[in-house]
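Peer 1: Each chain, letter by letter, is given below.
Protein chains: 4
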Amino acid sequence: MSGMSSTPDDRRFVLTLGCPDRPGIIARITSFIADFGGSIVEAGYHSDLETGWFFTRQAIKAATVPFDLDELRERFTTVAADLGPETDWQVHDSGERRRAVLLVSKDGHCLHDLLGRAASGELPATIEAVIGNHPDLAGMTEAHGIKFHYIPFPKDPAERGPAFEQMRELVDAHDPHAVVLARFMQVLPAELCEHWAGKAINIHHSFLPSFVGARPYHQAFARGVKLIGATCHYVTAELDAGPILEQDVTRIDHADTVRDMVRQGRDIERVVLARGLRWHLEGRVLVHGRRTVVFE
Amino acid sequence: MSGMSSTPDDRRFVLTLGCPDRPGIIARITSFIADFGGSIVEAGYHSDLETGWFFTRQAIKAATVPFDLDELRERFTTVAADLGPETDWQVHDSGERRRAVLLVSKDGHCLHDLLGRAASGELPATIEAVIGNHPDLAGMTEAHGIKFHYIPFPKDPAERGPAFEQMRELVDAHDPHAVVLARFMQVLPAELCEHWAGKAINIHHSFLPSFVGARPYHQAFARGVKLIGATCHYVTAELDAGPILEQDVTRIDHADTVRDMVRQGRDIERVVLARGLRWHLEGRVLVHGRRTVVFE
Amino acid sequence: MSGMSSTPDDRRFVLTLGCPDRPGIIARITSFIADFGGSIVEAGYHSDLETGWFFTRQAIKAATVPFDLDELRERFTTVAADLGPETDWQVHDSGERRRAVLLVSKDGHCLHDLLGRAASGELPATIEAVIGNHPDLAGMTEAHGIKFHYIPFPKDPAERGPAFEQMRELVDAHDPHAVVLARFMQVLPAELCEHWAGKAINIHHSFLPSFVGARPYHQAFARGVKLIGATCHYVTAELDAGPILEQDVTRIDHADTVRDMVRQGRDIERVVLARGLRWHLEGRVLVHGRRTVVFE
Amino acid sequence: MSGMSSTPDDRRFVLTLGCPDRPGIIARITSFIADFGGSIVEAGYHSDLETGWFFTRQAIKAATVPFDLDELRERFTTVAADLGPETDWQVHDSGERRRAVLLVSKDGHCLHDLLGRAASGELPATIEAVIGNHPDLAGMTEAHGIKFHYIPFPKDPAERGPAFEQMRELVDAHDPHAVVLARFMQVLPAELCEHWAGKAINIHHSFLPSFVGARPYHQAFARGVKLIGATCHYVTAELDAGPILEQDVTRIDHADTVRDMVRQGRDIERVVLARGLRWHLEGRVLVHGRRTVVFE
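Protein chains in written order, with the UniProt record's numbering: chain A, 1 to 296; chain B, 1 to 296; chain C, 1 to 296; chain D, 1 to 296.
Hints should not be assumed to be uniformly reliable.
Derived pair list, reagent style DSS-like, types lysine-lysine, alpha-carbon separation capped at 30 Å [stated by the list, open to error]:
id, chain 1, residue 1, chain 2, residue 2
1, A, K147, C, K155
2, C, K147, A, K106
3, B, K106, B, K199
4, A, K147, C, K106
5, C, K61, C, K106
6, D, K106, D, K155
7, D, K199, B, K106
8, D, K199, D, K106
9, D, K199, B, K147
10, D, K147, D, K199
11, D, K61, B, K147
12, D, K61, D, K199
To give an idea of the interface, some chain A residues facing chain D are shown, with a C-beta separation under 7 Å as derived from the structure [unchecked claim]:
id, residue
13, G24
14, S31
15, A43
16, T51
17, T250
Worth flagging that the hints you see were computed from the coordinates, not collected in a lab.
These figures come from a predicted structure and were not determined experimentally.
A virtual CB, placed ideally from N, CA and C, is assigned to each residue, including glycine.
All chains should be built: construct the whole structure from the sequences, respecting the hints.
Peer 2: Set out below in structure tokens:
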């Protein structure tokens, strides 16, 4: 498993930035980095011709930066100011382990998969806690030494306010970089969507925008599609309509029942969620309106 | 190219059948075939557990059938009667070349692809004629020795009745097994959908049911999906809602403009249409409600 | 999870058969089934034109069979005799849980995945035991309540005979339907390949026949391929050359290091092994020479 | 089709460069561009950690460059010199149509596809001529107004020298950017491989390195693989071993005969060749040893 664990030499300061496009931005940023001898090990750039917006992600080898993260941020402030007041940027240290909290219900395949990835060092985050509206997955979680919180949800959606409030407090106590709805199956209230905007990530078991909402495999069966899919997206107040991080599909045919689709779909859901979540945690995803720029 | 052309030995009588499921159907049909010494070279069966319907496709080596197609049909009538009054079946001779008529507009990539497949013996049909509501593709068509009919369409949809009527007559004159909307871009009137039911085939440039209607690549761009697709379906009165024969997708990313999607989408459209059309022509597709059984 | 567990009504007697092809086989078999009122819920047929061999798999609803498995076997003997002395067939009861033993080394992603599938009822087998030539995966295994056996392997391959002998005894004690090399990373001695022929299944981390042997991702990197893959195959004495059950690939590009390939490859390995193993356990795979017929 | 044709505004000067990696390269190059007000509309960077080599491709909006291509080249010479003597770079004008010559044999599917793409403006090159060692594809070529040269090849490979010499002269007369072996099926002599190094592109009908050489679909059938593929690669003296531009695969199963594979494989061959060729023509491919960097 050692091949996966990071060595000190892998440590990077990762800059992500979006701003209105104009000539000279890349030169400005990379000259700033070159001036202190920084070595860029990974660089992504995107000029969106439709919106006139520019995006970049730069991974600088930490060992080549002669000061710490705070000073890097401080120094970069001047560059960002030059790029205009709309500039949106951040720098993070890849050596600082990120934190995720998982929300689950009864279906354990995504949870099991993420626990396995975390255990083998494949997930660039620690799973701080798992919260379920059913107790079914407590055992699986605790076997990995992770705390499971069971919050029963009232049948009547109108009475779920306190349960969501409790969930919010439990989640926020970990100050997580990602709140993962790992087949949570509950619609978050609008204020929670707003509160966790940009870090709540859902896996929906269809190729969105097809088959929004409940029982997408049943919808897919009824429509007679020849491929089924899964979509990893940021959670927003509009159901299944947030910016998409990743999608994939798998082929089915007439002989596949809904149950077969459920089984085959799980293989897609696991991988799509894991990929989207990893990209999010590594600062590879920049959101712009309803679209995402993903520097894989 | 010789590898593609059929030899006399390849000739098959192809039986397709759908009926309410019950024990003994396969035995009844295959005993009928075995009794005259017929050799089944390809057999597909499907029991649809949801609808309780049974489907089969059997390709019998023609050289092992001691009588002609008409007598085979005549004899099979008794079997079909035993399977109940709802039984829907047909037998065709793979040695009898099938006929297709193509409807086009300005975009030539699907037409060009089908012309090439026909020329190289890959399409199990002759292209009898091509009809366009623009004259642009006349040259490409005629270079293959195929008649092109140009029918100008009035701007006002309300005035297109005579144009559609002329199209209907031109098409029907060939008594085609398939009427292919090869990026025709016009919505057929309900009565034509009805008239050509089960043989009018469209290629839609999205992964249906996502992005019904006009400019699906623009819709896909706006939604920020990570895969784009194409769908080959039977034409019905409800727009882009007919039974699906085939679908496929290709991966895109944030750097792809609508123009890039159009280009990449064409590679999917060509292949999806060609596959769906071939299956239709070879009697591999059985329609049941909104779903298709495809014996590949 | 209940959607995955089988109900009594799902129980099937599954017949698989291979024999020299000739007219009338399907009629003979299906008449036999129809005669006792058996309902065929899934049927696959394949006539191999190259080898002149016929293959079939029939899943008969157990509730429609008026006698038990032994009597079904007994009665079918007469049919099989009619199909010739080379006929190879078996019948199994889907209600009878199958047994698997897993061989592992240090890499836990395939083991973890199979444990999760078994726990959620997705694997049509119980995992009887896990045997490792390293102790690393004992904890993961035992957390699922499954016995882990650690067999240290001498460095010198010439001295591994006793270790393999011990492994053989441990495995055979469970009389398993499948012996799964879940990234076991050791070449089985020829006599074990022979002894477990048709039930030892390996996952190789390349798209065979490319990159046989050690460190296939390094080989793939050096060759500059644009897709990497994984292959699930039966183990035979010739390294990585056994009949293939399943393969799949994923796209990479120039920016992917060997470490990236290892990570992305794991997602393929997991799924390819799980699919191949499930098909094997459900009696969907018939081997003929170096090729497999898979009735998905 | 107009969506595909480039407008003056689309014109770009495209810089591609490879050199030993060290800090400051991106800053050096982009500052050079920023200094004259150049707008970078597409930028790709790759630091190869294994070889310590750096690669970039920058597409600069031509309208923002205040001098012509020659002066841009002249000015950039200084920058390149700063990056070290091993630096390999070029600049081309996307507005200058590129030239391709196609080599064919009897199989017309790749030729037909490329002719269609050229006709619809999808291929960023003009097809200057087609040369065949059989006359079969003359008609298809000439229907597109393109000159076809038939060069008969002696049966005895030892006697083919003059034919290859004639081919070389015909090809070189067009000074092409790409010499495309569109299912040419002949092994080029080593001196021609050398002569056309970096511009001769082949499509091989297998997923290399599997099934090198003749009749790859027969090899694939015999091995029982579950996916077949195609590979677009630069031609080198070692057979089917040149740097790979693109690959793709399609799923097959036991029911597919070699003839089915040939048919399905063609759909992959067409697309893989078209993609690889387009990337080559647009200066998106940088070769380093046996690997390619492809800035899609």
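Peer 1: Which earlier hints can't be squared with this structure?
Peer 2: 1, 5, 7, 9, 11, 16 and 17
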